[in-house]
Amino acid sequence: MPSLPPEGDPAPLDGSLPASALAGVGSRPFGFYVHVPFCSTRCGYCDFNTYTADELGPGVSRASYADQAVAEIRMARRVLGAVELPVETVFVGGGTPTLLPPGDLGRILGAIRDEFGLAPGAEVTTEANPDSVTAASLGGLREVGFTRMSFGLQSTAPHVLAVLDRTHTPGRAVDAVTDARAAGFEHVNVDLIYATPGETEDDFGASLQAAVHSGADHVSAYSLIVEDGTRLAARIRRGELPDVDDDVAADRYLQADSALTAAGLEWYEVSNWARAGAECRHNLGYWRGDDWWGVGPGAHAHVGGVRWWNVRHPVAYAARMQADESPAQAREQLSAEDRRVEDVLLRVRLRDGLPLHSLTDTGRGVAAGAVRDGLAEQSAYDDGRVLLTLRGRLLADARVRDLVD
Amino acid sequence: MANANAPVAGSTDPSVIRNFCIIAHIDHGKSTLADRMLQVTGVVDGRQMRAQYLDRMDIERERGITIKSQAVRLPFTSVDGTTYVLNMIDTPGHVDFTYEVSRSLAACEGAVLLVDAAQGIEAQTLANLYLALENDLAIIPVLNKIDLPAAQPDKYAAELARIIGCDPDDVLRVSAKSGLGVDAVLEAVVTQVPAPVGDADGPARAIIFDSVYDSYRGVVTYVRVIDGHLSTRERIAMMSTGAVHEMLEVGVISPEPVPSAGIGVGEVGYLITGVKDVRQSRVGDTVTSQRHGATEALGGYRDPKPMVFSGLYPLDGSDYPELRDALEKLQLNDAALVYEPETSVALGFGFRCGFLGLLHLEIVRERLEREFNLDLISTAPTVNYRVVMDDGSEVRVTNPSEFPGGKIAEVYEPMVRATVLAPSEYIGSIMELCQTRRGNLLGMDYLSEDRVELRYTLPLAEIVFDFFDALKSKTRGYASLDYEPTGELASELVKVDILLHGEAVDAFSSIVHKDKAYAYGVSMAGKLRELIPRQQFEVPIQAAIGARVIARETIRAIRKDVLAKCYGGDITRKRKLLEKQKEGKKRMKMVGRVEVPQEAFIAALSTDESAVAKPK
Chain A
0 MPSLPPEGDP APLDGSLPAS ALAGVGSRPF GFYVHVPFCS TRCGYCDFNT YTADELGPGV
60 SRASYADQAV AEIRMARRVL GAVELPVETV FVGGGTPTLL PPGDLGRILG AIRDEFGLAP
120 GAEVTTEANP DSVTAASLGG LREVGFTRMS FGLQSTAPHV LAVLDRTHTP GRAVDAVTDA
180 RAAGFEHVNV DLIYATPGET EDDFGASLQA AVHSGADHVS AYSLIVEDGT RLAARIRRGE
240 LPDVDDDVAA DRYLQADSAL TAAGLEWYEV SNWARAGAEC RHNLGYWRGD DWWGVGPGAH
300 AHVGGVRWWN VRHPVAYAAR MQADESPAQA REQLSAEDRR VEDVLLRVRL RDGLPLHSLT
360 DTGRGVAAGA VRDGLAEQSA YDDGRVLLTL RGRLLADARV RDLVD
Chain B
3 MANANAPVAG STDPSVIRNF CIIAHIDHGK STLADRMLQV TGVVDGRQMR AQYLDRMDIE
63 RERGITIKSQ AVRLPFTSVD GTTYVLNMID TPGHVDFTYE VSRSLAACEG AVLLVDAAQG
123 IEAQTLANLY LALENDLAII PVLNKIDLPA AQPDKYAAEL ARIIGCDPDD VLRVSAKSGL
183 GVDAVLEAVV TQVPAPVGDA DGPARAIIFD SVYDSYRGVV TYVRVIDGHL STRERIAMMS
243 TGAVHEMLEV GVISPEPVPS AGIGVGEVGY LITGVKDVRQ SRVGDTVTSQ RHGATEALGG
303 YRDPKPMVFS GLYPLDGSDY PELRDALEKL QLNDAALVYE PETSVALGFG FRCGFLGLLH
363 LEIVRERLER EFNLDLISTA PTVNYRVVMD DGSEVRVTNP SEFPGGKIAE VYEPMVRATV
423 LAPSEYIGSI MELCQTRRGN LLGMDYLSED RVELRYTLPL AEIVFDFFDA LKSKTRGYAS
483 LDYEPTGELA SELVKVDILL HGEAVDAFSS IVHKDKAYAY GVSMAGKLRE LIPRQQFEVP
543 IQAAIGARVI ARETIRAIRK DVLAKCYGGD ITRKRKLLEK QKEGKKRMKM VGRVEVPQEA
603 FIAALSTDES AVAKPK
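As given, the protein sequences belong to chains A and B, one line each in that order. Taken in order, the first sequence gives residues 0 to 404; the numbers are from the working numbering. Taken in order, the second sequence gives residues 3 to 618; the numbers are from the working numbering.
Simulated from the structure, these hints should not be mistaken for lab results. Just to be clear, a hint being listed does not mean it is correct.
If you want the footprint, here are the derived chain A segments under chain B, 3+ residues with CB under 8 Å [to be verified]: (1) 217–225; (2) 300–308; (3) 343–350.
All figures in this text were calculated on a predicted structure; none of them were measured in a lab. Note that beta-carbon positions come from the ideal geometry of N, C-alpha and C, so glycine has one too.
Using the sequences plus the hints, can you model the full thing?
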């Protein structure tokens with residue numbers, strides 16, 4: 000989740016969408032993102048929209064969250080109308096969704112199933128802190144309908160986990176993956192964070208090996224981002240920790256790509272690697288401009304060129320749901336050019352590549368230059384796509400700045 | 003409280019006229035003393051009084067300095083019962099305006115030498131005192147601020163007495179702030195300053211000592227009549243150019259303009275002719291009548307000569323027309339300001355401007371920013387070099403990037419004679435500083451037991467850099483500096499170019515002494531390495547003299563420029579960030595293939611800019 004919501008236009012209280020957005024609903028893949036804004040402790044690097052019990056304040060509790068989420072799912076149905084709209088993917092993220100009992104998560108899933116129905120073979124993911132699951136709770140999650148688990152492994156090096164303020168014990172994450180497999184989960188992802196101050200090449204190598212050997216079929220690896228206002232940022236500012244070094248981050252990225260590719264996981268997005276068929280369909284929906292509804296405090300949604308985002312604080316969110324009002328804080332209607340720019344900035348990060356027809360003449364010239372500079376693949380270019388090379392992926396944002404001209 | 007017995011302008015007997023000025027250092031209380039004189043003589047009452055009454059520009063009031071001079075006619079009834087006309091001619095108080103000071107002095111018969119009793123005489127005051135003595139002015143030494151706890155009137159009275167050659171008891175002691183002793187100063191002006199002497203029946207000759215542009219009235223010219231008489235509705239001629247103007251109004255300032263039928267021998271007043279540009283009415287020029295005019299001008303006129311040059315560029319390139327208009331307007335009121343269009347690869351379109359000195363540069367820049375609302379970048383100040391080629395041809399260089407290649411026989415640089423006054427404990431530090439700035443010691447004198455005057459010749463270029471700041475910091479603010487041009491000298495000067503990825507960046511070229519070229523190259527290359535963001539390729543930064551590289555730094559290629567995460571909630575923010583970056587990219591300057599944010603140029607130049615001497 001982004002740390003601060005963007006500015007946008009006012010959103011109507013009944014949540015209604017313009018006819019233009021509703022027009023193609025049902026013809027595009029549709030998914031749900033459910034944001035669970037709770038954590039047991041706050042990690043030092045984290046600026047996500049999540050709250051510990053202490054931070055939550057009066058007027059709202061974890062116990063009432065599932066009811067509110069269910070209410071928003073019903074509202075989604077009212078807004079989208081009676082059209083046939085089977086849900087292809089559900090992604091429950093956080094926060095720490097598994098702080099909710101499997102029954103609560105099951106109730107939320109049930110509401111989606113009741114209101115919309117799940118498409119055959121739907122991908123239903125939840126994020127989990129390795130510490131917050133057991134073999135039994137994983138079984139419970141599988142039972143209520145989850146098909147995919149995503150664990151925050153981050154690192155196997157204790158000193159790195161300490162810098163990140165992560166509480167789980169290093170071995171636990173690997174066990175969690177094994178338990179999830181045993182419980183019948185089809186796909187399991189682990190998240191890794193690299194370039195943490197103090198992390199060595201060997202530390203990260205060990206983390207990569209653990210991820211690969213755990214049996215996960217999907218790995219997301221992120222360079223540590225030091226967000227303003229976090230404890231980590233304060234410690235770096237005070238000189239207690241060195242800052243993240245971009246050159247080190249580049250080395251780690253190459254290390255990740257090499258180790259994961261060797262283990263049979265191919266990159267399909269700048270920060271994501273998977274075995275064939277194990278790509279996260281939900282996330283691909285974001286990158287391909289599909290429709291999704293975002294449930295919960297601060298969640299973002301997109302339907303047919305309209306983006307909106309919910310009020311951030313759980314108390315404000317609860318109040319909206321109790322009043323039977325849309326929780327949307329603001330929204331924006333994307334222009335054709337906005338959508339083209341988004342297409343460029345998202346698709347250039349994908350292994351599918353960016354179709355050259357999304358570019359202006361200038362952009363196509365830039366693309367040709369990127370091929371000459373070894374930042375994009377010649378063969379893909381010949382097929383009419385911009386597909387970044389390994390070095391090009393590390394410079395993807397710079398490429399986007401040039402390509403959107 | 004106007005004085006009923008005051009003589010009328012235009013028919014004042016020269017024997018009751020006293021023309022004087024106040025020579026003082028910044029902060030020594032000149033404006034306060036002038037304020038007090040306005041009150042004591044009754045030309046301004048307490049109700050109308052405001053601090054620094056005569057300082058017209060905001061900058062003058064804020065900084066407590068006088069940039070432009072002015073003259074006030076003060077009727078004063080002396081203890082002898084006679085009502086005199088005291089014309090107080092305010093003089094600019096800074097080294098850059100020495101020529102203007104000399105013209106003000108030429109309009110006077112006497113000078114009040116005003117010195118802070120806690121600080122003693124300063125270098126610029128000393129220089130102006132010498133000018134006054136050269137002009138045979140009667141000097142009235144006055145110590146101000148004698149009521150300050152830190153005042154040492156006995157010590158500084160002795161110092162002044164030694165410099166002027168008078169008795170320490172002749173030094174008046176005042177507090178301009180409280181008004182104590184101000185009457186005595188006015189009496190001394192009456193008794194010690196000679197009355198003006200001139201040929202009342204001869205052809206009119208008046209010296210211009212100031213010329214000010216007023217948006218309502220056009221140019222207001224301040225003059226002192228030496229011979230004859232100037233009246234309204236006659237045509238007057240400027241003797242340096244022969245230009246003829248209609249005299250629309252003549253009058254005196256007391257302290258607001260009061261029109262009169264004319265002004266006669268010894269009188270000081272203003273003329274309005276309807277011209278719109280001060281360059282048509284130049285300080286130092288002689289005004290005469292068109293009919294039966296004088297044939298011989300008063301001596302001492304010279305064209306203003308710019309000494310210090312800097313490129314001024316609008317931060318936002320689209321402000322270029324506004325900058326051009328603003329310079330045009332400033333020039334109406336500033337005959338010494340010169341400029342011509344200039345283009346820089348790094349900074350775009352701007353103007354190469356010439357100034358009398360550093361303060362002049364700073365004032366012009368500040369007025370452009372303040373009065374015309376412009377954001378400017380200025381390049382490091384430089385001087386006027388004369389380059390003689392092997393074939394005998396000559397090139398004038400005021401912009402280092404125009405320094406010629408090829409066979410150079412000699413390079414001449416302007417020199418100054420600098421005077422530094424400081425407590426004697428700092429002699430060592432000052433000598434060390436002057437030595438590193440290629441100074442040559444001419445002599446040293448003790449003004450008093452613990453105060454010393456050091457005289458040096460120095461290249462002007464060494465002073466315009468950061469000399470004044472360095473001097474102040476080495477002497478904890480106690481040293482004062484004055485300098486005057488003394489011609490030119492052949493020096494071993496070279497041009498150091500700064501190359502970015504093989505392309506010279508014009509704004510950073512500098513003409514330096516060959517012994518300092520390496521230090522300049524290393525420092526500039528190092529600075530730019532910190533300021534220029536990494537590019538997708540390695541960027542060498544080189545400092546070079548001609549084809550010879552003397553220093554090198556490298557900006558390593560950027561390897562990572564990608565945000566790791568981009569999920570559903572990140573897309574809007576990322577698109578908006580991209581829009582912002584596109585705006586930022588438009589402000590990038592391309593040096594070859596290297597994208598340089600304008601901020602980097604500004605930062606690299608601004609460190610030099612801080613070198614511009616700030617009057618304390």
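These are the hints, each one checked on the structure:
Coverage of the stretch 217–225 of chain A by chain B holds [criterion: at least 3 residues with CB-CB distance below 8 Å; count 4]. Against chain B, the stretch 300–308 of chain A contributes 4 residues with a C-beta closer than 8 Å to a partner C-beta. That satisfies the three-residue criterion, and the hint holds. Chain B is given as covering the stretch 343–350 of chain A, and this holds because 3 residues of the stretch bring a CB closer than 8 Å to a CB of that chain, at least three being needed.
The structure shown violates none of the earlier numbered hints.
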